[in-house]
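Going line by line, the protein sequences match chains A and B.
For the first sequence, position 279 (counting from the first letter as 1) is numbered 279 according to my numbering, and the numbering increases by one without interruption.
For the second sequence, position 237 (counting from the first letter as 1) is numbered 237 according to my numbering, and the numbering increases by one without interruption.
It cannot be assumed that every hint is accurate.
Taking lysine to any residue pairs in the SDA-like style, the calculated list, with each CA pair at most 20 Å apart, reads [claimed, not checked]:
1) A:Lys107 <-> B:Lys341
2) A:Lys153 <-> B:Ser452
3) A:Lys153 <-> B:Ile446
4) B:Lys444 <-> A:Ser155
5) B:Lys341 <-> A:Phe186
6) A:Lys433 <-> A:Met296
7) B:Lys444 <-> A:Gly154
8) A:Lys26 <-> B:Ala61
9) A:Lys107 <-> B:Gly381
10) B:Lys444 <-> A:Met296
11) B:Lys444 <-> A:Ile210
12) B:Lys341 <-> A:Thr190
13) A:Lys107 <-> B:Glu447
14) B:Lys341 <-> A:Pro67
Partner residues aside, some chain A positions facing chain B, computed with beta carbon under 10 Å [as the list claims (entries may be wrong)]:
15) Phe138
16) Gly154
17) Ala158
18) Leu176
19) Tyr185
Just so you know, the hints here were simulated from the structure itself, not pulled from any lab data.
What you are looking at is a predicted structure, and each value in this text was computed from that prediction instead of being measured.
Quick reminder that beta carbons are idealized off the backbone N, C-alpha and C, glycines included.
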Amino acid sequence: MQIEYLIFLTIFTPALVGCLNLVFHKNANMRDGVTLLGALITFYFSVNIFLGFDGQATQYKLVTIMPGIDVSFHIEPLGVIFSLLASSLWILTHIYAIGYMRGANEKNHSRFFLFFSVSIASVMGISFSGNLFTLFLFYEILTLITFPLVSHKGSSEALRGARVYLSILLGTSIGLQLLGIIWIYFSVGTLDFVKGGILNGSFGPVELIILVALFAFGIGKAALFPFHRWLPAAMVAPTPVSALLHAVAVVKAGVFTVLKVGVYIFGIESLSVSGATDWLTWLACFSILFASLIAMTKDNLKARLAYSTISQLGYVVLAFSLANSLGVLGGALQIITHAFGKITLFMCAGSIYVATKKTNISDMQGLGRVMPITFLSFLVGAISIIGLPPMGGSWAKWFLIMSSLEADKQFVIIVLLISSLLNIAYLLPLVAKGFYLNPTDHIDFIKFKEPSAFIWLPPAITASISFLLFFYVDYIRDFVINFGLVG
Amino acid sequence: MASEIKQGTLDLINHLPILQVITPMLIAPILVVLNNKTLSWLLSFMGTLICLFISVLLMQAVSDGSTLTYFLGGWAPPIGIEYRIDAANSILLFLISTISAIVLVFSYTSLHSEIPEEKHTLFYACFLLCLTGLLGVVATADIFNVFVFLEISSLSTYVLVAQGSYRDRRALSASFNYLIMGTIGATFFVIGIGYIYMATGSLNMMDIAERVGQLGDNRTVQAGFAFIVVGMGLKLAMVPLHVWLPNAYTFAPTVVTCFLAATATKVALYVLIRFVFSVFNYEDSFINELFFFLLMPLAIIAMIAASVIAIFKQNLKKLFAYSSLAQIGYMLLGLSLISEKGLAASLVHMVNHGFTKAALFMSLGAFMLNTKNMYMNSLQGLGRSMPFTSAAFVIGGLSLIGVPGTAGFISKWLLLEAALESGYWLVAALIIVSSLFAVIYIWKIIEVLYFSESSETYSEVNVLTLTPIWILSLFCIFLGINTSLTVDVANMAAEVLFK
Numbered sequence: 001m002q003i004e005y006l007i008f009l010t011i012f013t014p015a016l017v018g019c020l021n022l023v024f025h026k027n028a029n030m031r032d033g034v035t036l037l038g039a040l041i042t043f044y045f046s047v048n049i050f051l052g053f054d055g056q057a058t059q060y061k062l063v064t065i066m067p068g069i070d071v072s073f074h075i076e077p078l079g080v081i082f083s084l085l086a087s088s089l090w091i092l093t094h095i096y097a098i099g100y101m102r103g104a105n106e107k108n109h110s111r112f113f114l115f116f117s118v119s120i121a122s123v124m125g126i127s128f129s130g131n132l133f134t135l136f137l138f139y140e141i142l143t144l145i146t147f148p149l150v151s152h153k154g155s156s157e158a159l160r161g162a163r164v165y166l167s168i169l170l171g172t173s174i175g176l177q178l179l180g181i182i183w184i185y186f187s188v189g190t191l192d193f194v195k196g197g198i199l200n201g202s203f204g205p206v207e208l209i210i211l212v213a214l215f216a217f218g219i220g221k222a223a224l225f226p227f228h229r230w231l232p233a234a235m236v237a238p239t240p241v242s243a244l245l246h247a248v249a250v251v252k253a254g255v256f257t258v259l260k261v262g263v264y265i266f267g268i269e270s271l272s273v274s275g276a277t278d279w280l281t282w283l284a285c286f287s288i289l290f291a292s293l294i295a296m297t298k299d300n301l302k303a304r305l306a307y308s309t310i311s312q313l314g315y316v317v318l319a320f321s322l323a324n325s326l327g328v329l330g331g332a333l334q335i336i337t338h339a340f341g342k343i344t345l346f347m348c349a350g351s352i353y354v355a356t357k358k359t360n361i362s363d364m365q366g367l368g369r370v371m372p373i374t375f376l377s378f379l380v381g382a383i384s385i386i387g388l389p390p391m392g393g394s395w396a397k398w399f400l401i402m403s404s405l406e407a408d409k410q411f412v413i414i415v416l417l418i419s420s421l422l423n424i425a426y427l428l429p430l431v432a433k434g435f436y437l438n439p440t441d442h443i444d445f446i447k448f449k450e451p452s453a454f455i456w457l458p459p460a461i462t463a464s465i466s467f468l469l470f471f472y473v474d475y476i477r478d479f480v481i482n483f484g485l486v487g
Numbered sequence: 001m002a003s004e005i006k007q008g009t010l011d012l013i014n015h016l017p018i019l020q021v022i023t024p025m026l027i028a029p030i031l032v033v034l035n036n037k038t039l040s041w042l043l044s045f046m047g048t049l050i051c052l053f054i055s056v057l058l059m060q061a062v063s064d065g066s067t068l069t070y071f072l073g074g075w076a077p078p079i080g081i082e083y084r085i086d087a088a089n090s091i092l093l094f095l096i097s098t099i100s101a102i103v104l105v106f107s108y109t110s111l112h113s114e115i116p117e118e119k120h121t122l123f124y125a126c127f128l129l130c131l132t133g134l135l136g137v138v139a140t141a142d143i144f145n146v147f148v149f150l151e152i153s154s155l156s157t158y159v160l161v162a163q164g165s166y167r168d169r170r171a172l173s174a175s176f177n178y179l180i181m182g183t184i185g186a187t188f189f190v191i192g193i194g195y196i197y198m199a200t201g202s203l204n205m206m207d208i209a210e211r212v213g214q215l216g217d218n219r220t221v222q223a224g225f226a227f228i229v230v231g232m233g234l235k236l237a238m239v240p241l242h243v244w245l246p247n248a249y250t251f252a253p254t255v256v257t258c259f260l261a262a263t264a265t266k267v268a269l270y271v272l273i274r275f276v277f278s279v280f281n282y283e284d285s286f287i288n289e290l291f292f293f294l295l296m297p298l299a300i301i302a303m304i305a306a307s308v309i310a311i312f313k314q315n316l317k318k319l320f321a322y323s324s325l326a327q328i329g330y331m332l333l334g335l336s337l338i339s340e341k342g343l344a345a346s347l348v349h350m351v352n353h354g355f356t357k358a359a360l361f362m363s364l365g366a367f368m369l370n371t372k373n374m375y376m377n378s379l380q381g382l383g384r385s386m387p388f389t390s391a392a393f394v395i396g397g398l399s400l401i402g403v404p405g406t407a408g409f410i411s412k413w414l415l416l417e418a419a420l421e422s423g424y425w426l427v428a429a430l431i432i433v434s435s436l437f438a439v440i441y442i443w444k445i446i447e448v449l450y451f452s453e454s455s456e457t458y459s460e461v462n463v464l465t466l467t468p469i470w471i472l473s474l475f476c477i478f479l480g481i482n483t484s485l486t487v488d489v490a491n492m493a494a495e496v497l498f499k
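Based on the sequences and whatever the hints tell you, model everything.
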């Protein structure tokens with residue numbers, strides 16, 4: 001099949017699946033089956049794009065909106081990786097969501113799955129965007145589509161969280177990013193993604209710094225300090241949403257956009273020559289440490305994971321700011337390994353909630369003895385996030401350290417080391433308490449057991465993949481290098 | 001003056017400019033004679049469809065940048081009255097005719113709940129006269145004729161607004177207020193015309209343009225221009241002169257609010273544009289200074305202040321009335337840049353905002369059909385009980401915010417680009433701030449629609465009411481994806497006007 005049809009199909013299938021959810025809303029099993037099938041088909045299409053990709057960055061135009069502004073798609077390594085990531089994790093999250101939504105007695109399943117599927121469609125659109133306009137289009141759709149998911153419970157707390165979520169994401173994208181996009185279009189006359197950048201020296205040194213700031217802050221989904229508040233606020237959403245969207249799809253769409261803008265709009269070489277991102281390195285470092293410190297103070301498990309996500313997203317922004325090939329490679333690897341690691345942690349948090357209704361870490365003492373699979377998965381995911389061998393996450397940190405050496409910014413190494421230590425300090429105590437300490441309340445405790453396989457299996461699988469990534473990272477590196485993302 | 005039509009032939013195509021204007025005018029008295037409410041609805045609807053058809057033909061004819069002229073009664077200007085269609089007014093003729101046809105479909109059900117049945121015939125007659133006035137203002141190239149048509153449309157608008165008194169007596173004072181302000185505006189306008197006639201001795205736009213060029217720096221012409229700006233400022237609700245608008249929109253019947261919000265203020269703005277570019281010399285330093293020091297600050301104040309006020313309004317019609325003021329600010333801003341891009345952005349926004357606001361007011365009207373109430377809390381839970389109307393409302397709201405993929409985004413993009421081109425960074429930032437305010441007031445409504453429980457349940461409105469709402473909403477999306485209808489024509493229009 002021609003590759004351009006495959007792109008449209010990967011975007012179209014999840015959207016169609018979302019609509020089918022409404023058709024089958026009376027029959028829950030049928031509906032969930034159709035969605036699972038849709039997720040598998042989407043993954044199949046993504047794999048086919050990966051296999052059929054020949055390194056040619058051809059633009060496929062869908063419609064021309066105004067002269068010079070098109071909705072167009074293209075295939076490049078970063079997008080292929082992102083679409084594979086999102087579509088594969090969608091399958092696992094969907095299985096998990098079936099168990100979770102039923103186990104946690106959430107309401108309005110059809111609405112939930114409708115918006116969930118459509119948000120995947122917009123993630124696919126983001127992955128294959130051929131120019132900045134298309135990217136912005138799907139970026140905004142993703143924000144709006146995920147709003148009903150965040151506010152799903154409908155309680156006043158959920159609404160408040162969703163309001164923060166929407167106002168920061170829309171505010172930054174309309175207020176800063178759009179201005180940056182129009183500025184580029186106005187100065188260069190094109191918005192197409194071209195390797196090596198399209199700016200061609202149209203911007204002076206100060207203007208370039210402003211432009212970098214417009215994108216670094218304007219891409220609010222990357223949750224860079226001080227625009228990170230939406231991520232903890234979004235934790236009012238049901239756990240599958242937190243797992244797939246706020247650990248993978250939405251936040252990764254943010255950092256993916258950051259990397260993509262860096263490589264295909266600014267151009268890594270011209271960025272590193274101009275030094276326009278030096279200030280961003282400091283801010284990213286601050287964001288990493290700051291969020292980790294906040295995470296330590298949080299007793300609510302999902303809140304702690306949310307701050308951990310903010311910290312980890314800082315790594316990708318850092319990679320962009322280092323502006324060299326190793327950095328981009330490290331950033332891409334961080335996107336992949338953090339996705340698998342963090343989704344594991346969130347799914348474990350959800351499975352603890354379904355089994356015990358507990359959300360605070362201090363109440364989880366001794367739970368590891370009754371839920372060993374969940375806690376072991378959590379341990380594996382945590383080690384990957386921390387960046388210790390033998391888990392995939394260690395490679396991302398490895399390349400980032402190499403990159404900071406190449407950029408001659410040694411202080412970054414110290415920041416990375418401190419951050420890893422902080423990660424240990426706020427992620428591992430849960431596992432230690434779970435296995436070694438005695439439960440506080442023995443009477444309730446006997447009733448707890450692992451929830452259904454729908455819930456414990458997906459995190460176990462993603463944890464295993466985190467482990468496997470340690471050994472197969474070479475394939476990703478080769479793919480990225482051979483297909484010309486980095487030199 | 002070169003005319004592209006062959007005088008004396010009875011070729012229907014050549015008579016399109018006049019047919020556009022007189023079709024509704026001829027139907028209006030027939031309605032009064034027939035005095036049958038279903039028949040008058042049907043005839044009005046047919047009339048607007050004919051207008052729509054003619055406007056599409058006209059738009060096609062002038063889309064290549066050419067101009068169609070028509071001499072009324074065969075009298076050549078400057079003695080006779082000339083009708084002149086080019087890209088700039090064809091796009092407005094299209095907007096007015098389309099909106100009137102769509103609004104009439106909606107009125108079939110909506111009018112029953114707002115106006116006693118024996119008044120329907122008169123209502124439709126008035127509506128058609130208002131339509132005639134608006135179309136006439138846009139089509140004519142004779143400045144006194146502009147005044148005449150403006151008065152036709154204004155007088156019938158006062159009547160239409162007053163029709164809201166069957167539901168709420170305050171419509172009468174709103175209409176009276178509008179009458180006073182509108183008449184002051186018209187007076188200023190006609191005084192301005194008088195000054196111009198005094199200085200040039202002509203009423204034909206092209207003719208005046210030539211003579212004004214020869215006069216040079218002339219106090220009389222400048223005074224005339226100032227009077228016209230103030231007069232039109234009143235009609236188009238430029239910010240300190242806007243006080244009539246919120247109440248008129250709030251208390252008028254929904255059909256009227258829809259129609260006025262989408263067309264009336266835009267027509268007044270069009271007149272201003274036409275005068276600046278086709279009558280006066282836009283390169284004149286007096287006009288440039290007036291626009292830079294007066295119009296641009298007022299436009300920006302409207303954009304920001306009206307949006308902030310809209311956030312705190314609980315009455316939904318009033319909320320959107322203030323939002324309209326802010327949107328008029330955008331259009332004025334585009335014009336005040338005095339650049340081709342700014343003018344094109346202004347024209348595009350007229351059309352895009354026309355469809356967007358009509359969609360919003362119409363879905364509000366559909367809500368009101370059920371709830372009989374126009375306050376924010378009456379919308380509670382309607383997202384569930386009226387899913388189709390609510391969805392259409394959300395689309396309109398997104399377009400008002402300017403989310404990519406909707407019509408509003410296109411106009412905002414063009415306006416930002418125009419502001420950057422002129423080097424006004426701060427203005428560009430303020431445009432964005434204003435649209436962020438729009439996010440707040442739209443989202444407040446969406447939250448009430450979808451996230452609050454209602455004690456009462458309503459059923460969805462019927463298909464005849466839903467159809468026009470959805471046509472407008474789909475227009476909001478269509479114009480955000482396919483811009484050949486708006487941007488291309490507006491660019492052509494800006495080029496023609498800047499010639």
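Against the structure, the hints come out as follows:
| no. | hint | in the structure |
| --- | --- | --- |
| 1 | A:Lys107 <-> B:Lys341 | violated (50 Å) |
| 2 | A:Lys153 <-> B:Ser452 | holds (12 Å) |
| 3 | A:Lys153 <-> B:Ile446 | holds (16 Å) |
| 4 | B:Lys444 <-> A:Ser155 | holds (16 Å) |
| 5 | B:Lys341 <-> A:Phe186 | holds (12 Å) |
| 6 | A:Lys433 <-> A:Met296 | holds (15 Å) |
| 7 | B:Lys444 <-> A:Gly154 | holds (15 Å) |
| 8 | A:Lys26 <-> B:Ala61 | violated (53 Å) |
| 9 | A:Lys107 <-> B:Gly381 | holds (16 Å) |
| 10 | B:Lys444 <-> A:Met296 | violated (35 Å) |
| 11 | B:Lys444 <-> A:Ile210 | violated (33 Å) |
| 12 | B:Lys341 <-> A:Thr190 | holds (17 Å) |
| 13 | A:Lys107 <-> B:Glu447 | holds (18 Å) |
| 14 | B:Lys341 <-> A:Pro67 | holds (14 Å) |
| 15 | Phe138 | holds (9 Å) |
| 16 | Gly154 | holds (6 Å) |
| 17 | Ala158 | holds (8 Å) |
| 18 | Leu176 | holds (9 Å) |
| 19 | Tyr185 | holds (7 Å) |
In this structure, the hints that do not hold are numbers 1, 8, 10, 11, in rising order.
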